[in-house]
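> Those protein sequences? They're chains V and A, same order as listed. Positions 1 to 116 (our numbering) are the ones given, in order, by the first sequence. Positions 1 to 110 (our numbering) are the ones given, in order, by the second sequence.
Honestly, the hints are just simulated from the structure, not real lab data. Where a beta carbon is used, it is the ideal one built from N, C-alpha and C, also for glycine. Any given hint might turn out to be false.
[Claimed, not checked] Between beta-carbon pairs, the in silico distance windows are:
#: 1; chain 1: A; residue 1: 31; chain 2: V; residue 2: 54; range: 22 to 32 Å
#: 2; chain 1: A; residue 1: 27; chain 2: V; residue 2: 8; range: 31 to 41 Å
#: 3; chain 1: V; residue 1: 44; chain 2: A; residue 2: 46; range: 15 to 25 Å
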Amino acid sequence: DTGVSQDPRHKITKRGQNVTFRCDPISEHNRLYWYRQTLGQGPEFLTYFQNEAQLEKSRLLSDRFSAERPKGSFSTLEIQRTEQGDSAMYLCASSLVTGGPERELFFGEGSRLTVL
Amino acid sequence: GENVEQHPSTLSVQEGDSAVIKCTYSDSASNYFPWYKQELGKRPQLIIDIRSNVGEKKDQRIAVTLNKTAKHFSLHITETQPEDSAVYFCAASRDYKLSFGAGTTVTVRA
Chain V
1 DTGVSQDPRH KITKRGQNVT FRCDPISEHN RLYWYRQTLG QGPEFLTYFQ NEAQLEKSRL
61 LSDRFSAERP KGSFSTLEIQ RTEQGDSAMY LCASSLVTGG PERELFFGEG SRLTVL
Chain A
1 GENVEQHPST LSVQEGDSAV IKCTYSDSAS NYFPWYKQEL GKRPQLIIDI RSNVGEKKDQ
61 RIAVTLNKTA KHFSLHITET QPEDSAVYFC AASRDYKLSF GAGTTVTVRA
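Please construct the entire structure, taking both the sequences and the accompanying hints into account.
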């Protein structure tokens, strides 16, 4: 499967614990995005990378959240000291940006986080 | 930042009827407007998109219209079928960053 893959698919953790999610984008895609989706809502932008550079972070992303894309390929999203309000589906997406017309954003299946 | 509003939040239609979902956006610089379909437990998938230099686009039973002046765009599904039941999200993009609406849950009744 050459689509966007995310791991783990489900994570249940206790409040205060740290969690890390991994995203493997489509191999030739230079842009990688993280979104958060809660029940009944559309995906909310968190952050994105152009190759290994993190170009923008949403105000939704508190200092407990950190994302990396060290070699411009896979990315990790870490949440420290989780809170119940962090419970959500974390979606990763990737695209190929060449400066021309915008192209399709391909999503992964998501990582569902439940904080008890 | 961009704010996208989507209506209605739920839509129930009889099989064979049409479904229309409407969205408005706030940033006049947005230039790309995709629509995503998300089935239960699945990833969002692109079904159709339109760029700001086009007013209408059609692909078989689905069509999208864009009114840049009003900052309004709509999705039209004709001859709905049970497999059209899903959540549909509109989005607006500026500088390759998508902002999504809250979604419309479409239920097609047999």
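> Each hint should be assessed against the structure and marked as holding or not.
Taking the hints in turn, this is what the structure says about them:
1. A:31 - V:54: 22 to 32 Å: Distance hint for residue 31 of chain A, residue 54 of chain V holds at roughly 24 Å.
2. A:27 - V:8: 31 to 41 Å: 35 Å, holds
3. V:44 - A:46: 15 to 25 Å: Given range 15 to 25 Å: holds, Cβ gap about 18 Å.
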